[in-house]
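*Asks:* Spelled out from the first residue to the last, the chains are:
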Amino acid sequence: MIVEIGHYALVLALALAIVQGVAPLVGALRRDAALMAMAQPAAVMQFLLIGVSFAALTHAYVTSDFSVVNVFENSHSLKPLIYKYSGVWGNHEGSMLLWVLILALFGATVALFSRGMPDDLRALVLAVQSWLSAAFLLFVLLTSNPFARMIPAPIEGRDLNPLLQDPGLAIHPPLLYVGYVGFSITFSFAAAALISGRIDAAWARYVRPWTLIAWIFLTLGIAMGSYWAYYTLGWGGFWFWDPVENASLMPWLAGTALLHSAAVMEKRDALKIWTIFLAILAFSLSLLGTFLVRSGVLTSVHSFATDPQRGVFILGILIFFIGGSLALFALRASALKPGGIFAPVSREGALVLNNLLLTTSCATVFVGTLYPLALEAMTDEKISVGAPFFNLTFGPLFIPIVLAMPIGQMLAWKRGDLYGAAQRLTLACAIGFVGAVLLYAMRGGPIVPPVLAGLALYLIVGSFVEIWGRVSGGSSVGAMFSRAIGLPRSAWGTAIAHAGIGLTLFGLAATGWGVERIVTVKPNQPVVAGPYEIIVRGLEPRDGSNFRELVAHTDILEGGRLIATMDPSRRSFTTRTMVRTEAGIKTIGLGQVYMNIAEVRDDGSLDLRLYWKPYVALIWLGALVMALGGLLSLSDRRLRIGIAKRAATRVVAQPAE
Amino acid sequence: MIWAAFALMTGAVVLAVLWPLGRARTAAARAPDVSFYRSQIEEIDRDLALGLLTQADADVAKAEAGRRLLRVSDEPIADGKSRGGARMAAVAALIAIPAVSLTLYLALGHPDLADLPLSTRVAERQGQSEVQSAVRKIEDHLAANPNDGRGWDILGPVYMKMGRYEDAARAFGNANRVLGDTPERLTAQGEALVYAAQEAVTPQAQEIFNKVLDMQPGHPVAYFYLALAREQSGDRAGAIEAYSQLAQGTPPDAPWQPVVRARIVALGGTPPAAQEGPKGETADAVRAMPSDEQRAMIRTMVDGLAARLDADGRDVEGWLRLLRSYKVLQENDLAKAALVKARNALNADPDGLSRVNALADELGLKS
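Top line first, the protein sequences correspond to chains A and F.
Counting the first sequence from 1 gives a position; the working numbering is that position plus 3.
Counting the second sequence from 1 gives a position; the working numbering is that position plus 550.
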């Protein structure tokens with residue numbers, strides 16, 4: 004009965020979503036307060052219904068109810084409990100259910116936490132959000148129903164894809180989806196603004212926390228996915244420029260641009276059209292990602308069992324929402340009142356530059372991702388656009404972004420002083436330069452890694468120069484400390500998030516100093532990787548609940564002294580007769596020793612992939628730091644206004660995040 | 551019970567939508583904008599007092615916020631009164647929500663199906679877990695002694711019963727490797743491969759069936775699957791010919807006769823008239839077989855089919871074939887049991903259900 008209640012709750016949610024999509028919209032257009040007020044309880048109710056539905060499916064997974072086709076196809080009674088929970092979204096149908104659940108979650112949170120928001124804006128936002136819900140609920144129910152049944156229920160399930168039987172599955176998709184789907188709410192805000200004509204600084208203030216939440220989660224989700232790929236796929240790579248990865252990077256770039264341009268809109272009432280456009284763009288790119296993953300136009304680790312009918316359905320949703328919002332945009336854009344004006348060299352100007360560079364880099368990723376698909380569709384010719392293309396296009400675009408980041412922080416609103424800003428960055432430049440030279444002297448090798456590392460150091464130091472400038476005026480350490488505490492948290496957020504990018508960049512630069520060894524060894528035969536000696540001590544077969552594994556107990560020695568051990572293994576999953584390797588990873592300082600067993604030979608010798616990756620942990624730590632910056636900025640609930648300058652010597656009161 | 555739950559849920563949703571319609575409201579729709587800029591100005595004053603802003607900065611900022619405040623204050627303010635839309639919306643919600651959800655649910659859902667968690671299913675099939683632990687033990691034993699052919703030979707049919715066809719094919723293959731090929735084991739291996747490939751006779755399976763025919767010309771199971779392979783590769787004429795030979799060459803009461811004849815009809819051919827006795831090369835070969843062996847082979851085929859349908863019962867053709875086979879084998883009890891299972895399995899497939907019922911009448915199966 005629980006399964007059917009979940010199914011009915013989902014259908015009921017669709018019926019409710021249709022009502023919630025129509026009544027408040029009519030209410031807002033006719034200024035009918037009662038109709039507008041329907042939106043809030045409906046949004047909360049919709050979330051509860053989808054929540055019931057999700058709980059019912061989870062229950063079916065946990066109790067191994069194989070009369071539910073989706074559970075039969077993706078679960079196994081012997082699967083560890085955590086994967087029974089996370090397996091709910093480890094497949095197409097379940098993950099779409101998670102998708103609509105998060106969609107409804109955002110609707111419900113807007114309904115609950117928007118007391119200060121104008122009624123008509125709230126009603127419109129919730130109505131548009133509900134249109135999205137209705138479209139995706141219909142998609143789930145008609146093409147990907149997780150509650151399809153079969154009788155008699157098979158005795159045993161087909162088990163979850165072993166690559167997904169990993170704690171990463173519990174974390175990565177929910178984070179990523181909150182990020183992806185989070186941009187739905189900024190999209191709804193943009194559409195609501197266009198319908199009501201309410202496009203002003205107040206709008207930017209209301210939409211700010213939502214953009215930040217989506218951006219924080221997307222950042223974490225991408226980083227988590229990258230780390231998961233790094234430790235599971237077994238060859239030490241962490242970013243493959245795979246179309247699906249690009250599909251998550253594009254909304255991130257657009258979302259980052261949106262974050263910055265919304266700051267300009269909030270503080271200076273400028274860049275309005277652009278901000279609305281970015282809000283539409285960010286979610287459109289999220290939808291595009293969904294389409295790429297689910298339609299079967301491409302194959303990758305992420306594609307679920309695909310089916311052209313689903314692809315056509317999502318394409319329809321895509322065209323309806325993107326086309327509809329762009330049409331609305333075209334109708335309204337000309338009617339917008341121009342906002343604050345500013346000089347080219349100013350905080351606004353720097354943010355415009357940031358936006359241009361981010362959207363251009365987003366466009367290069369877009370081209371690199373879709374061009375091969377389009378070419379194959381039209382001429383049947385298969386080309387592969389991989390790391391070289393992106394390194395040559397995306398890389399050079401990102402360098403000016405990094406260079407300009409601290410400068411932008413230093414410029415005043417409305418009109419700034421470029422020379423003055425550059426002067427204050429002397430220290431950061433010097434540290435970057437000296438760092439690069441020192442690293443080159445120490446490590447040698449090609450020139451690119453030390454240059455990028457120097458750039459990263461410049462960015463990390465430069466991010467805090469502006470804060471230092473505002474704190475260093477204090478007469479004593481205590482006074483400086485209280486000044487630092489008194490600074491708006493959004494200022495700290497900006498600095499920390501920028502420094503996070505610097506950390507990630509440093510980690511990326513350091514990949515150039517890594518060591519890779521592909522060797523065949525016998526137990527107790529040492530291999531040297533970087534400063535360490537790695538010795539496989541012995542092999543041991545072990546039994547897991549639904550797999551067997553062969554574990555290689557391995558010691559890591561430095562200068563003959565044992566400093567760490569690790570246990571990489573090869574796991575064989577019986578139900579799907581698949582083998583998955585568990586890399587052995589040991590973090591030493593900020594670097595990692597990474598070992599993967601590629602093959603076990605009959606004579607007991609092992610084919611190993613061994614890596615020493617200095618500073619590699621910084622890549623993901625940087626993302627965590629970025630998210631922390633976003634969180635600080637999010638916690639700053641104050642209203643903001645950019646203080647225009649007449650002279651560049653004054654101190655900026657409140658910077659952009 | 552379940553309908554009561556549905557009614558409650560629907561009622562809660564309708565109430566949630568109607569609730570705000572009944573409440574009077576006074577708030578002016580545009581007021582928050584004005585208060586937004588007012589609080590912005592207040593905040594500037596607060597920052598000034600805290601020393602975060604200089605007087606000059608505060609003046610500039612306040613001037614700008616003031617300009618924006620003036621601009622929004624110019625705009626018209628909604629009176630917030632409902633204009634009769636509320637009643638219409640109430641009626642629409644009352645009708646639309648139950649109508650949409652019930653129509654869609656009745657089309658998609660299975661309100662009569664109870665949950666079937668593992669615990670219930672295990673209770674239904676006592677001994678299942680014992681089989682599993684036994685399998686596990688044999689697997690462990692074989693992992694250590696991969697050359698124990700008898701172990702593999704025991705495990706193969708068990709895997710088939712459990713629906714683990716890939717594993718079954720592997721087990722039969724290992725048994726053949728260790729103990730040497732026999733037509734029975736090869737046939738079993740080939741059949742497992744076919745089931746594993748969703749009834750596609752893969753090149754690998756064809757190779758195995760050809761090997762069986764080399765060892766024992768006219769082996770009907772191998773012969774049948776090779777005919778099926780022809781059919782699947784699009785060679786209709788060849789398939790009809792092969793099926794006809796099989797139908798002609800084997801006893802008219804052989805359990806595969808209905809299936810083979812049905813295939814011929816499905817392909818647009820005419821099945822050969824029933825013969826007094828088998829003739830031709832195939833028939834000689836089958837007749838040459840000891841009758842125990844013949845029966846055993848037939849049983850394997852039918853049991854395999856039954857096991858597959860137990861695991862996944864959505865195959866109408868399979869059920870029809872199984873019922874006919876049991877009837878021919880004069881296993882009336884098994885046929886009746888299979889009929890019950892088939893009706894359960896095809897619950898959601900009215901078309902298939904009526905075909906099964908029609909056949910049951912034809913075969914005289916009363917239940």
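Derived by calculation from the structure, the hints in this document are not laboratory data.
One thing to keep in mind: the hints can contain errors.
[Claimed, not checked] Restricting the straight-line Cα-Cα distance to at most 25 angstroms, the calculated cross-link-like pairs of lysine to any residue (SDA-like) are:
no., chain 1, residue 1, chain 2, residue 2
1, F, K612, A, E519
2, F, K687, A, S575
3, F, K687, A, L81
Remember, it's a predicted structure, so these values are computed and weren't measured experimentally.
*Asks:* For each hint, tell me whether it holds in the structure or not.
*Replies:* Each hint tested on the structure:
Among the hinted pairs, F/K612 with A/E519 is inconsistent with the structure: their alpha-carbon atoms are about 60 angstroms apart, more than 25 angstroms. Restraint check: the Cα-Cα separation between F/K687 and A/S575 comes to about 17 angstroms, which is no more than 25 angstroms; the hinted pair holds. Straight-line distance between C-alpha atoms of F/K687 and A/L81 comes to about 16 angstroms, which keeps the hinted pair within the 25 angstroms bound.
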